[in-house]
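K.L.:
Model the full assembly from the supplied sequences, consistent with the hints where possible.
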Amino acid sequence: MPEATLPASPITQDAPLVVTATSAPLPSSKPTVTVSLTEFRGLMHSLQTLSTAQDSLFQQMATIRAHQDQIIATQTQHTTILHHIQQHLSMQTLPGHDRFGPSEPPVSDGDHTS
1 MPEATLPASP ITQDAPLVVT ATSAPLPSSK PTVTVSLTEF RGLMHSLQTL
51 STAQDSLFQQ MATIRAHQDQ IIATQTQHTT ILHHIQQHLS MQTLPGHDRF
101 GPSEPPVSDG DHTS
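If you're matching positions, the sequence shown starts at 1 in full-length UniProt numbering and goes up one per residue.
Please note: incorrect hints may appear among the correct ones.
[Unchecked claim] Beta-carbon label-pair distances, calculated as ranges: (1) Ser-46 with Ile-72: 34 to 40 Å; (2) His-88 with Gln-68: 28 to 34 Å; (3) His-67 with Arg-41: 38 to 44 Å; (4) His-83 with Leu-43: 56 to 62 Å; (5) Arg-41 with Ala-62: 30 to 36 Å; (6) Gln-86 with Gln-54: 46 to 52 Å; (7) Thr-74 with Thr-38: 52 to 58 Å; (8) His-88 with Gln-60: 39 to 45 Å; (9) Arg-65 with Gly-42: 31 to 37 Å; (10) Gln-60 with Glu-39: 27 to 33 Å; (11) Leu-47 with His-83: 49 to 55 Å; (12) Thr-49 with Ile-72: 32 to 38 Å; (13) Gln-87 with Asp-55: 46 to 52 Å.
Don't read these hints as lab results, they were simulated from the structure. Each residue gets a CB set at the ideal place from its N, CA and C atoms; glycine is no exception.
P.N.:
Next up, the structure:
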């Protein structure tokens with residue numbers, strides 16, 4: 001199996017990765033990939049950026065869920081209040097009477113002039 005050798009000097013850290021062959025590669029079911037130090041650092045930076053973005057998204061999702069829970073609680077309260085108002089209004093209305101009253105005063109039989 002090849003061994004990775006990193007450059008020793010900090011000046012040459014952007015140099016490509018040096019791979020030396022060993023006597024006999026160990027059997028492996030997975031192929032190996034060789035990347036330069038620069039590419040490796042870029043991949044690590046991308047991983048850190050993605051991890052930070054993921055953490056931020058999780059925090060935003062938690063905030064949205066909390067707001068959603070508040071909205072649902074408020075909606076439930078409003079529904080309960082509306083139900084109470086509807087019950088109150090139905091108790092004030094007597095059976096057989098128009099809730100808003102007659103549009104014209106009732107006319108008695110003695111008032112007819114024909």
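K.L.:
Against this structure, judge whether each hint is valid.
P.N.:
Going through the hints against the structure:
no., hint, in the structure
1, Ser-46 with Ile-72: 34 to 40 Å, "holds, 38 Å"
2, His-88 with Gln-68: 28 to 34 Å, "holds, 30 Å"
3, His-67 with Arg-41: 38 to 44 Å, "holds, 39 Å"
4, His-83 with Leu-43: 56 to 62 Å, "holds, 59 Å"
5, Arg-41 with Ala-62: 30 to 36 Å, "holds, 32 Å"
6, Gln-86 with Gln-54: 46 to 52 Å, "holds, 47 Å"
7, Thr-74 with Thr-38: 52 to 58 Å, "holds, 54 Å"
8, His-88 with Gln-60: 39 to 45 Å, "holds, 42 Å"
9, Arg-65 with Gly-42: 31 to 37 Å, "holds, 35 Å"
10, Gln-60 with Glu-39: 27 to 33 Å, "holds, 31 Å"
11, Leu-47 with His-83: 49 to 55 Å, "holds, 53 Å"
12, Thr-49 with Ile-72: 32 to 38 Å, "holds, 35 Å"
13, Gln-87 with Asp-55: 46 to 52 Å, "holds, 49 Å"
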